[in-house]
Structures are given as C-alpha cells and as structure tokens.
Amino acid sequence: MSSSRPSLLFIARSFPPVANIATIRMASIARHLARCGWKITVLAPHPDLLRDSSNREAAVEFCRQEGIQLIPTGYDWRSLVPGLLRQRPGLPGIFGGIARRVARWLDIDDGAGWIRPILNATKHLPAGSIDLVLASGSPFASFEAARLLARRLRCPFVLDYRDPWTLRDFRTVPVRPWTVRKERRVCQEAAAILHVSPMLVPIHVSAFGGAERNHALTNGFDPEMLDSVPAREFEHPAIVYAGRFYPPHRVIQPVLEAVRMLHEEPGGQWTDLRFHYYGVDSGQVRQAAAACGAEGLLVDHGKVPQAESFAASKGAAVNVVVTSVLKSVDQGILGNLPGKLFEVIGLGSPVLLVSPDGSQARMILDHAASGIGVSGEDPARIAEALKELLQRRAGRGPQADAYSW
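Letter by letter, the sequence shown follows residues 4 to 408 in my numbering.
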C-alpha cells in the first residue's frame with residue numbers, strides 16, 4: 004500500500020466545475036470515499052477547456068473542503084464533445100460536424116481523444132503510488148485509459164457504468180464488432196464493475212461474464228446541494244420537465260396530451276396550467292406540442308444553467324420523468340434509472356414518472372413515496388395522475404432520504 008491511507012485515482016470527465024447530472028454522481032463518490040479515509044486524486048479536463056467554467060471557484064472550494072486533489076488534463080479531438088468543451092480557434096464548425104458524423108458511423112467514443120492526455124498527465128506517478136484506479140463512463144474511452152493506467156501503476160481498476168455501453172438501448176448507430184471487443188477486454192481485466200441499476204447487472208453478466216465482480220450502486224440526490232436551492236415562484240401551476248428525449252422511448256407527447264386534457268376539462272379548474280421545458284431538445288418538444296394541440300400550454304426555456312433548472316424543478320407543482328412511453332420493452336429499459344429521478348425526488352415536488360409496469364424506476368419512486376408512476380400509452384390515465392399530484396403538497400418525505408448520497 005502506498006501510504007497509511009489507500010489512494011484512488013479517479014477518471015471523471017464530469018466533475019466540478021462541470022454542472023450536469025453526471026457530476027452529482029462523480030462528486031458524491033469522490034466526497035464519500037474521501038470521508039471514508041481514501042486519498043482521492045481526480046483526473047478531469049482542465050477548466051480552461053470547458054465551454055462553461057463559471058463554477059470554477061466553487062469547484063476549488065469543494066476539493067479543498069473534501070481534501071481532493073485534482074489533476075487537470077488536456078483533451079484532444081474536442082470537436083467530438085462540442086457541448087462540453089471549447090473548440091479549437093480557427094477550426095470551422097463544418098469540420099467538427101463532419102468529424103462527429105464519421106465518429107458516430109465508426110462507433111468512435113467521444114472520449115477517444117482523452118486517453119493520451121490522461122496518460123501524459125500521470126507520467127509523474129510511479130508504479131505502486133496508487134492503490135486503485137476508478138473510471139466512470141461515459142465516455143467509455145475512460146475505461147481503456149483506466150486499463151492502461153492500472154497496468155503501468157501495477158494496481159487494479161474498477162469500472163463505473165453510468166450508462167450501458169454496447170448494450171445500450173438508446174444507441175442511434177449499430178454496435179460495431181470492434182467496440183464489443185474493446186468492452187469485453189476491459190471488463191475481463193477489471194477488478195470490479197459498478198452499474199446504476201440492479202436490473203442491469205444480470206444483462207451485463209450474460210454478455211460479458213464475471214458475475215462475482217458486477218455490483219449495483221444506484222444514483223442518489225445530494226442533500227447538501229439541493230437543500231440550498233431556492234424554489235422558483237411560478238404564476239400558475241407549473242408542470243416541469245428538465246432533460247433530454249430519446250425517441251421512441253423517452254418522448255413527451257403523451258404527457259402534453261394529458262396536460263391539454265386537463266386544461267380543457269369542464270369547470271375551468273386547470274385553465275392556467277402550463278408545461279415548462281428546460282433542455283436542449285426544444286425542437287422535439289415543440290413538435291410534440293403541435294402534434295397534440297398543446298402549443299399554447301408550452302413554455303420552452305431551452306438550455307439553461309443547472310441552478311436555474313434546479314430552482315424550476317423545486318418550485319414545480321409536478322416534475323415529470325420519463326424512462327419509456329412504450330408498453331413492451333426489454334429488460335434494459337425496465338432497468339433504466341435516470342439520475343434525474345433522484346434529483347427531483349430530492350428537490351421535493353411531486354413526481355410524475357412515465358415508465359412501464361415493473362420498471363426499476365417505479366420501484367424506487369414507490370418506495371420513496373414521492374409521486375405516481377404510470378405507463379405511457381394512456382394519456383387519460385396520465386391526466387388523472389397529474390390531477391392527483393397537483394393537489395398534493397410539496398416536500399421531501401422521510402422515505403426519500405433513503406436515496407440520498
């Protein structure tokens with residue numbers, strides 16, 4: 004062992020000052036391991052490379068308080084991650100678009116350009132100085148970086164799957180055989196593998212083996228972060244969805260149809276009801292609203308800072324989370340546990356979860372007593388669930404604390 008405290012080298016692209024849903028998991032893992040006595044060193048892209056590094060001072064303070072050391076790295080092929088990283092000056096946007104299309108077609112991970120900078124940034128670490136390497140994916144190139152680092156440092160490595168890799172249901176391109184071979188190799192050599200849902204463990208084991216090395220570590224909410232969030236005050240009952248869509252599973256049209264049904268109910272109780280969207284998929288939500296006649300009920304905020312999204316979700320009359328609107332889905336979809344679910348449970352407003360019967364997400368929501376789960380094929384049933392939730396009082400219940408970090 005390198006010292007009296009075990010040392011962990013943590014490869015985490017989403018880490019403060021990055022502000023996204025993945026960062027909550029990464030920061031929480033690092034914080035709690037540090038509090039358990041581990042010496043944590045995080046490898047993350049240099050803040051100067053980030054498109055938004057406005058939280059830099061808060062990130063420095065977080066690492067100082069928790070005793071976490073940060074090694075900033077470079078990042079090649081930044082055109083593959085335009086939403087997160089600044090693009091190289093002088094490079095026309097059209098070339099970046101072409102690069103991303105080629106990378107998708109060849110199934111090249113958007114973290115492929117991060118492997119070499121990670122290895123370069125850790126050249127000063129001698130063999131035996133680190134006890135364990137932990138990598139979180141996506142990007143899944145971080146898994147290969149962990150494998151190479153662990154070999155050089157002569158220590159084991161652990162993989163943290165925030166999403167499935169080649170087994171992912173939301174993939175938009177076919178899985179290439181060379182990608183499957185990469186995943187099989189890193190999984191065979193890993194000392195342990197973590198998944199965000201218990202249902203995803205047997206799926207992964209059936210494909211890659213190693214039952215004794217695969218474990219579930221679900222997401223959670225960070226009460227230290229969420230308790231200080233101010234709730235936005237809306238002038239009307241606000242139904243809020245913050246996040247992305249992944250057709251045909253994660254779409255919003257059935258919910259918008261339900262909102263329109265409530266708005267048109269006799270008696271006029273819900274005429275001031277509005278649906279607020281926060282995220283980058285404005286085109287999809289506007290198209291869905293037009294398709295079901297709910298354009299006048301949609302308030303599209305587009306992409307906003309995380310703090311604004313949190314405030315809206317905390318002040319919402321109802322928060323909406325969707326895993327799949329389809330009735331017949333495979334085990335991978337049933338096991339899908341979006342980090343957004345834990346976030347809205349922690350923020351305290353009632354939750355409408357659109358998810359198939361028997362899903363892991365439904366089980367979590369029911370145990371947390373934080374909302375109602377419904378399937379997505381019946382907008383009328385969704386409308387009834389919304390009506391019930393609109394009459395509930397907001398506030399995080401005691402059962403919800405079981406899902407905090």
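Just so you know, not all the hints are guaranteed correct.
[What the hints assert, rightly or not] When the alpha-carbon atoms are kept at most 20 Å apart in a straight line, the in silico EDC-like pairs for lysine to aspartate or glutamate are as follows:
| hint | residue 1 | residue 2 |
| --- | --- | --- |
| 1 | K330 | E268 |
| 2 | K306 | D79 |
| 3 | K330 | D360 |
| 4 | K390 | E268 |
| 5 | K126 | E69 |
| 6 | K42 | D79 |
Just so you know, the hints here were simulated from the structure itself, not pulled from any lab data. The structure presented is a predicted model; accordingly, all values stated were derived computationally and were not measured.
Tested hints:
For a cut-off of 20 Å, the pair hint linking K330 to E268 is broken: about 27 Å separates their Cα positions. Among the hinted pairs, K306 with D79 is inconsistent with the structure: their alpha-carbon atoms are about 26 Å apart, more than 20 Å. Our distance criterion of 20 Å between C-alpha atoms is met by K330 and D360, whose separation comes to about 8 Å. Distance hint between K390 and E268 is fulfilled; the C-alpha atoms sit about 11 Å from each other, no more than 20 Å.
Under the criterion of a C-alpha separation no larger than 20 Å, the hint pairing K126 with E69 is inconsistent with the structure, at around 25 Å. At most 20 Å may separate the alpha-carbon atoms for a hinted pair to count; K42 and D79 exceed this at roughly 28 Å.
The structure fails hints 1, 2, 5, 6 (numbered hints given earlier, in ascending order).
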